[in-house]
Structure formats: C-alpha cells, structure tokens
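Asker: Read off the chains here:
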Amino acid sequence: MPQWPYRRDQRHRRRGLGGARRRARVAVAVPGGVDRRGRAAYLTWPARATLHSGLPLWAVLGAGLLVGFGTRLGGGCTSGHGVCGLGRLSPRSLVAVITFVGTAVITVFVVRHVLGVVS
Amino acid sequence: MTHPAGVLGFLDVFGRWDPTLVFVLAGAVITTLISFRFVLRRPSPVFAERFQIPTRRDIDTRLIGGAAIFGIGWGIAGFCPGPGIAALAMGSVVPVVFVIGLIGRHDRLPLPPPVGLYP
Numbered sequence: 054m055p056q057w058p059y060r061r062d063q064r065h066r067r068r069g070l071g072g073a074r075r076r077a078r079v080a081v082a083v084p085g086g087v088d089r090r091g092r093a094a095y096l097t098w099p100a101r102a103t104l105h106s107g108l109p110l111w112a113v114l115g116a117g118l119l120v121g122f123g124t125r126l127g128g129g130c131t132s133g134h135g136v137c138g139l140g141r142l143s144p145r146s147l148v149a150v151i152t153f154v155g156t157a158v159i160t161v162f163v164v165r166h167v168l169g170v171v172s
Numbered sequence: 189m190t191h192p193a194g195v196l197g198f199l200d201v202f203g204r205w206d207p208t209l210v211f212v213l214a215g216a217v218i219t220t221l222i223s224f225r226f227v228l229r230r231p232s233p234v235f236a237e238r239f240q241i242p243t244r245r246d247i248d249t250r251l252i253g254g255a256a257i258f259g260i261g262w263g264i265a266g267f268c269p270g271p272g273i274a275a276l277a278m279g280s281v282v283p284v285v286f287v288i289g290l291i292g293r294h295d296r297l298p299l300p301p302p303v304g305l306y307p
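From first to last, the protein sequence lines are chains A and B.
Using my numbering, you'd call the opening residue of the first sequence number 54 and step up by one each time.
Using my numbering, you'd call the opening residue of the second sequence number 189 and step up by one each time.
Hints are computed from structural coordinates only; laboratory data are not their basis.
All values reported here derive from a predicted model rather than from experimental measurement.
Quick reminder that beta carbons are idealized off the backbone N, C-alpha and C, glycines included.
Misleading hints may appear alongside valid ones.
[What the hints assert, rightly or not] Covered, in the sense of this in silico footprint (three residues per stretch, anywhere, with C-beta under 8 angstroms from a C-beta of chain B), are these stretches of chain A: (1) 103-110; (2) 115-129; (3) 151-160.
[Unchecked claim] If you want the footprint, here are the derived chain B segments under chain A, 3+ residues with CB under 8 angstroms: (4) 192-199; (5) 212-219; (6) 233-239; (7) 269-282; (8) 292-298.
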C-alpha cells in the first residue's frame, strides 16, 4: 500500500479501489494517449481552474448553446472567420471577428468586474 | 487555446491582460495568409474534388448577430467549438457540459431573417 499522499498513478492501489475502478481509469486514460515516457495522459490533465471560467455549470451549458447557435447564425467561429477568413482577407470575416471579440470583451468585463466572478 | 484561463485572460482587457492568445492567433493567421496564396491557386485539394470556399461578400444582420451571440458565449465559458471538443480529453466535466450545449437542439431553432447591411 503506498503511503499518503499518493502519486496520481498509484491512486488505484488505495484500499477499496477494486478492479472495476482500475479498469475504468484505464478506459479513460487510453483515449487520452500516452506521453513520451509512457505515462497516461490523464496524469498531465490541467488543473480544473484553467478549464473553468468560474461561472456555474448551467452558465457553461448556456454558453455552449450561444456559441453553437452563434456559429450557425454567423457562419463561422474563431477558426472559421478568425483564422481562415482573415487569412483570405475576407471583409465578412473581419467584421465577424471584430464583432465577436468586442462582445466577448464586454462579456468578460461584466462577468469579472461587474459580477465579480473569479475563475 | 483549450485553456479558457488563457482565452479569458486575453479578453480581460480591463483587468490583468494576458496577451498569449494574440500570438496564437497571429501565428495561425500569418500561416494562412501565406499558405492560402499558394494552396488556393491549385485546381483542387489533394483529398477532395474541389475547394469549398465561401463566396459571399455582403454583410447582413445574421453575420453580425451570429458573431455577437457567439462572442457572449465565448466570453462566458472561454471555449470555442474546436478547443471545447479538444478539451474533452482533459478529465474535467466543464468541457463536457459546454459541448452538450454546443451540439444541443439549437439546430431546431429557426434563424431570424437576414437583413442586408452592406452593400
């Protein structure tokens, strides 16, 4: 039995963690791939704070709906209008990029400085 | 950027500004600016029959409205469609929630009628 604090790859050896949970860990680890030293990629998962903007999950769900619908309505996202559209010198894409960067900056201002949400 | 912390840091113009995303976008746009000049002159892509290039040059309310809605969602969650899906491999439930909203049933929503603004 490894001593507490456990290394992340030794967590499955804690008392009570049976074979099913070990297999579940492997099932999750495999799609993530392995790094150069052969360790599962899940060991290098970033801290949750870098993935979470600080807003509650229902807001993240709503944000997904907005991003999905906005992409459909506007014809592209940061990759479409931003990378490909600007690379083609498309005036439509320039307008789109300025628009969504503008509303995103305003949104972040409201979230972080008016509502005071910290990630 | 699959890390909303970096994206939101860039959008937090009025707070602690993180310019990292500028270099990401600059690198991508410079790449397409140069490469598209050569690639799009070819008769067809290598693995497809023809290039699928948008031909519209007009600006309408759908473009601006879509970009604005996209920007709000982007500012809330810090994810775009591509990075959101890529972040599914990072072991957090946050991008899962985002992608659920992204591919949610908003495709059933009718689009507002377009209003031409330019030309």
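Asker: All hints, please: hold or fail.
Answerer: So, going through the hints one by one against the coordinates:
{"no.": "1", "hint": "103-110", "in the structure": "holds (count 6)"}
{"no.": "2", "hint": "115-129", "in the structure": "holds (count 14)"}
{"no.": "3", "hint": "151-160", "in the structure": "holds (count 9)"}
{"no.": "4", "hint": "192-199", "in the structure": "holds (count 5)"}
{"no.": "5", "hint": "212-219", "in the structure": "holds (count 4)"}
{"no.": "6", "hint": "233-239", "in the structure": "violated (count 0)"}
{"no.": "7", "hint": "269-282", "in the structure": "holds (count 10)"}
{"no.": "8", "hint": "292-298", "in the structure": "holds (count 4)"}
Checked against the numbered hints above, the structure breaks only hint 6 and satisfies the rest.
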